[in-house]
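Protein sequences, first through last, are from chains A and B. Take the first sequence: its letter number 110 is residue 133 in the working numbering, and every next letter is one higher. Take the second sequence: its letter number 95 is residue 100 in the working numbering, and every next letter is one higher.
In short, the hints are calculated from the structure, not lab data. Check the hints yourself; a few may be wrong.
Stated by the list, open to error - Pairs of lysine-lysine, DSS-like flavour, derived with a Cα cap of 30 Å:
#, chain 1, residue 1, chain 2, residue 2
1, B, K11, A, K47
2, B, K82, B, K23
3, A, K111, A, K354
4, A, K134, A, K209
5, A, K413, A, K34
6, B, K11, B, K149
7, B, K141, B, K15
8, A, K47, B, K149
9, B, K23, A, K424
10, B, K23, B, K141
11, A, K424, B, K101
12, A, K111, A, K34
13, A, K47, B, K106
14, A, K424, B, K48
15, B, K54, B, K11
16, A, K47, A, K413
17, B, K101, B, K54
18, A, K413, B, K11
19, B, K54, B, K66
20, B, K101, B, K82
21, B, K149, B, K106
22, A, K34, A, K134
23, A, K424, B, K11
24, B, K54, B, K23
Unchecked claim - Per label pair, the in silico range of CB-to-CB distance:
#, chain 1, residue 1, chain 2, residue 2, range
25, A, S48, B, G12, 14 to 24 Å
26, A, P133, B, E108, 51 to 61 Å
27, B, E131, A, Y76, 53 to 63 Å
28, A, H149, B, E117, 38 to 48 Å
To be verified - Heads up, incomplete: computed chain A residues facing chain B, CB under 8 Å, no partners named:
#, residue
29, H368
30, D371
31, P392
32, Q396
33, G401
Given the structure is predicted, the values throughout are model-derived calculations rather than measurements. Ideal Cβ placement from N, Cα and C applies to all residues, glycine included.
Next come the chains, spelled out residue by residue.
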Amino acid sequence: MVHLNVNKVRKDFPMLATATPQGKSLAYLDNAASTQKPRAVLEAIEGLYTGYYSNVGRGSYWPATRASQAFEYARERLAGFIHAASAKEVVFTAGATDGINKVMQSFLRPKLQPGDNVVISEQEHHANLIPWQQACRAVGAELRVVRLLSTGDLDQEHYDSLLDDRTALVALTAVSNTLGVVNPVKEMVTAAHQHGIRVLIDAAQHVGHSPTDVQAWDADFVVFSGHKMYGPTGIGVLYGKAELLRETPPMAFGGGAIRDVGFQETLFADIPHKHEPGTPNLEGAVGLAAAIEYLQGLGMRQIHEHTEHLTQYAVMRIEGQEGASILGNPKLRAPVVSFTVEGAHPHDIAGFLAEEGIAIRAGHHCTQPLMDQLGVPGTARVSFGMYNVKEEIDLLMDVLKEVHAFFA
Amino acid sequence: MNERIKGLYKTQILAHSKNPFQEGELEGATHVLQAYNSMCGDKYTLYLKIENDRVEDAYFKGYGCAISKASSSILTKKSIGKSMEELDALVRLFLKIVSAKEEVSPEDLTDEEELLAFSAAREFPEREICATMSWKVVQEELLKE
Numbered sequence: 024m025v026h027l028n029v030n031k032v033r034k035d036f037p038m039l040a041t042a043t044p045q046g047k048s049l050a051y052l053d054n055a056a057s058t059q060k061p062r063a064v065l066e067a068i069e070g071l072y073t074g075y076y077s078n079v080g081r082g083s084y085w086p087a088t089r090a091s092q093a094f095e096y097a098r099e100r101l102a103g104f105i106h107a108a109s110a111k112e113v114v115f116t117a118g119a120t121d122g123i124n125k126v127m128q129s130f131l132r133p134k135l136q137p138g139d140n141v142v143i144s145e146q147e148h149h150a151n152l153i154p155w156q157q158a159c160r161a162v163g164a165e166l167r168v169v170r171l172l173s174t175g176d177l178d179q180e181h182y183d184s185l186l187d188d189r190t191a192l193v194a195l196t197a198v199s200n201t202l203g204v205v206n207p208v209k210e211m212v213t214a215a216h217q218h219g220i221r222v223l224i225d226a227a228q229h230v231g232h233s234p235t236d237v238q239a240w241d242a243d244f245v246v247f248s249g250h251k252m253y254g255p256t257g258i259g260v261l262y263g264k265a266e267l268l269r270e271t272p273p274m275a276f277g278g279g280a281i282r283d284v285g286f287q288e289t290l291f292a293d294i295p296h297k298h299e300p301g302t303p304n305l306e307g308a309v310g311l312a313a314a315i316e317y318l319q320g321l322g323m324r325q326i327h328e329h330t331e332h333l334t335q336y337a338v339m340r341i342e343g344q345e346g347a348s349i350l351g352n353p354k355l356r357a358p359v360v361s362f363t364v365e366g367a368h369p370h371d372i373a374g375f376l377a378e379e380g381i382a383i384r385a386g387h388h389c390t391q392p393l394m395d396q397l398g399v400p401g402t403a404r405v406s407f408g409m410y411n412v413k414e415e416i417d418l419l420m421d422v423l424k425e426v427h428a429f430f431a
Numbered sequence: 006m007n008e009r010i011k012g013l014y015k016t017q018i019l020a021h022s023k024n025p026f027q028e029g030e031l032e033g034a035t036h037v038l039q040a041y042n043s044m045c046g047d048k049y050t051l052y053l054k055i056e057n058d059r060v061e062d063a064y065f066k067g068y069g070c071a072i073s074k075a076s077s078s079i080l081t082k083k084s085i086g087k088s089m090e091e092l093d094a095l096v097r098l099f100l101k102i103v104s105a106k107e108e109v110s111p112e113d114l115t116d117e118e119e120l121l122a123f124s125a126a127r128e129f130p131e132r133e134i135c136a137t138m139s140w141k142v143v144q145e146e147l148l149k150e
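Excised from the complex, chain A in its bound form (with noise of 0.2 Å):
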């Protein structure tokens, strides 16, 4: 297999060339949170608004016709990269939040009884569990929540004996976004069924580092933000089979989703429409169809293999750092470390960490149930992406190491 050749990879990405107030260069290690874009993904969009640009889906002039190509060209380019079986099962939404609370509102909340449940994990965003939580409270409906393992990874036992037949819905990630956990979706997905029950995966983490095959995992909603995969602000996905997206009501109302408006009612249009009225976020799905383009010329398995080699360094590094810990030993991790150092706050350590350039995320990453579990306020995460090297995490630690003599 041929190697990511990152030094020509870090030209792609403008950002990267800047610098701090204090002239420090950019160790961008916040992956987790979002990503940096590629030039390909800025040209994309400039491309639209110079080359292109009317509304989508309505005019038949040129360059309208061009437009609403473009847009579904891009939906193609995203079933295609997430192994749909078609492009109608992807639907554009805001990101996986409104993608989460799409799946919560159209198809859970109308069948949700009182007596019934929603499954959880410890290792949920707060995307990925308010949603469900204020679901559940407004129906008298059960959120059961699957424990964690000393290792961070989720006790299966424990997940197998949540699922009954008043489970209305399973709702996992994919990865913790805190943790670094990869979790084995195919499998927990396979339980579920064997139950009857449906599932959503979280997918905000997976995408952009991993090959990613919706009908491999078999799961029902798949949910994923394109930001966090080199792509805009603004724009996502929800991947749902086709038979549940055509169930399910239209997730809003408004244009462009009908097909025939009277004043006492309304037949709706086919799948994915139907879900998207509206003039939709053309700039975001032609700038996230660049992002994947970008990202399979690289090739998936390469990226993959890359960050894997950066994050099995970081842990190494970091474990050989005299007063730090990591938390959670997965079994499988995605390119996510969060760690702790004796006598010095997370903010504290970002804070001489951004002194140099270096970006990290400190606090509770939007997971405080799980950081009440793990009994601390919050951690210090660093998480790669395709352009980081093995010099910034030698930086990182040079500073943690200060860090630690600091404050300890």
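Here the structure of chain A is known, so what remains is to put chain B in place on it, guided by the hints.
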């Protein structure tokens, strides 16, 4: 390396963050305030016992970075014995010391070392909230009238 950031953590700040004064709950508190920074999750509960318009006792409990912990420690320590009017003046003074928008130099505002220790926050506007979160909740919820 890192001399600028180390300047933010003056001796007094490190000392207060490692061994804070007034840390803990206060039984018989007349006012319990919550200071919360939603961006990072830092959280403190402030306990004040105010009688006859004077702060008789003050404690704080919670977690956060060295800057926010030291500033909560100094706030509670310095509040004790102050009348509400004096407390109001102290809070206003502290907020000026750390504000990057304040034109008067910190040294011209006060000569109290424990307060001046936070003046480096002026150079780190992203950390101003760490220095002020507990002070601001006192201002907003206790001194607003």
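K23(B) and K424(A): Cα distance at most 30 Å?
OK: K23(B) and K424(A) at ~19 Å, within 30 Å.
Mind checking the alpha carbons of K101(B) and K54(B) for me, to see if they're no more than 30 Å apart?
26 Å, holds
For the pair supplied as a hint, K141(B) and K15(B), confirm whether the alpha-carbon distance does not exceed 30 Å.
The hint holds at about 22 Å.
Satisfaction of the hinted span 14 to 24 Å by the C-beta atoms belonging to S48(A) and G12(B):
22 Å, holds
Run the distance test for K82(B) versus K23(B): straight-line Cα separation, threshold 30 Å.
At roughly 15 Å apart (the allowed maximum being 30 Å), K23(B) and K82(B) satisfy the hint.
Is K11(B) within 30 Å of K47(A), Cα to Cα?
16 Å, holds
Tell me if the straight-line CA distance from K424(A) to K48(B) falls inside 30 Å.
27 Å, holds
For the pair we were handed, K149(B) and K106(B), check the Cα-Cα distance against 30 Å.
Roughly 22 Å between the alpha carbons, so the hint for K149(B) and K106(B) holds.
Measuring from beta carbon to beta carbon, are E131(B) and Y76(A) in 53 to 63 Å?
Between E131(B) and Y76(A), where Cβ atoms are some 37 Å apart, the hint is violated.
Keeping to a limit of 30 Å between CA atoms, is the pair of K54(B) and K66(B) held or broken?
With Cα atoms ~15 Å apart, K54(B) and K66(B) stay inside 30 Å; holds.
Quick check on P392(A) please, does its C-beta sit within 8 Å of some C-beta on chain B?
12 Å, violated
Next pair to validate is K47(A) with K413(A); report whether the Cα-Cα distance is within 30 Å.
17 Å, holds
The structure does not agree with the numbered hints 3, 6, 8, 11, 12, 15, 22, 27, 31, 32 stated previously, though it agrees with the rest.
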